[in-house]
Amino acid sequence: MQIHDLKVGDKIGVFFYDDWRGRKATIETVTHISSTGTITVSSGTRYTYQGREVGALGDATYLCSVSKAEEIIARDGTKYQESPVVDELEIRENRLIKLSQLAADNAIRILHQYGYYKDKKDKSGKLAEVESKIAAIVQEYLEEMEK
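Numbering (my numbering), first residue to last: 21 to 167.
Quick caveat, the hints were computed from the structure, so don't treat them as lab data.
If you're wondering where the values come from, they're calculated on a predicted model, not measured in any experiment.
Don't take each hint at face value.
[Stated by the list, open to error] Straight-line Cα separation of at most 25 Å, PhoX-like style, residue types lysine-lysine; simulated pairs: (1) K153 to K167; (2) K146 to K167; (3) K88 to K44.
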């Protein structure tokens, strides 16, 4: 396997281990290749131009040929499952929603801390309305900042 010949969209094997724990390998798609040769696969993991995982804290994973990965998967007896395609727009939208909800929760928490909205169960529904307005304002701001 020649790492230097890889292009974005190519399939590549990712080797985890083949020892007393068993065998593990997957097949990933190359999503980005930097000018320094760092390769990013569809799971988001980055590899050096030599095929070693960047910043691995435990057992590092390595790039290998698709045929070697298929061989390990076949010997392991598990079925090959292609990793799901991640939609970056969906991830960005989910991040914005989560961030705006977190900001609204913290704003309500601060209001509680300083004595406003003492009744956390708020039977009138005003607290939920205020929280949704805060979340909407923050989400609009974040969407505007990303453009």
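Consistency of the hints with the structure:
1. Of the supplied pair hints, the one linking K153 and K167 holds, its CA atoms being roughly 22 Å apart against a limit of 25 Å.
2. For a cut-off of 25 Å, the pair hint linking K146 to K167 is broken: about 32 Å separates their Cα positions.
3. This hinted pair checks out: K88 and K44 have alpha carbons roughly 11 Å apart, not beyond 25 Å.
In this structure, the one hint that does not hold is number 2.
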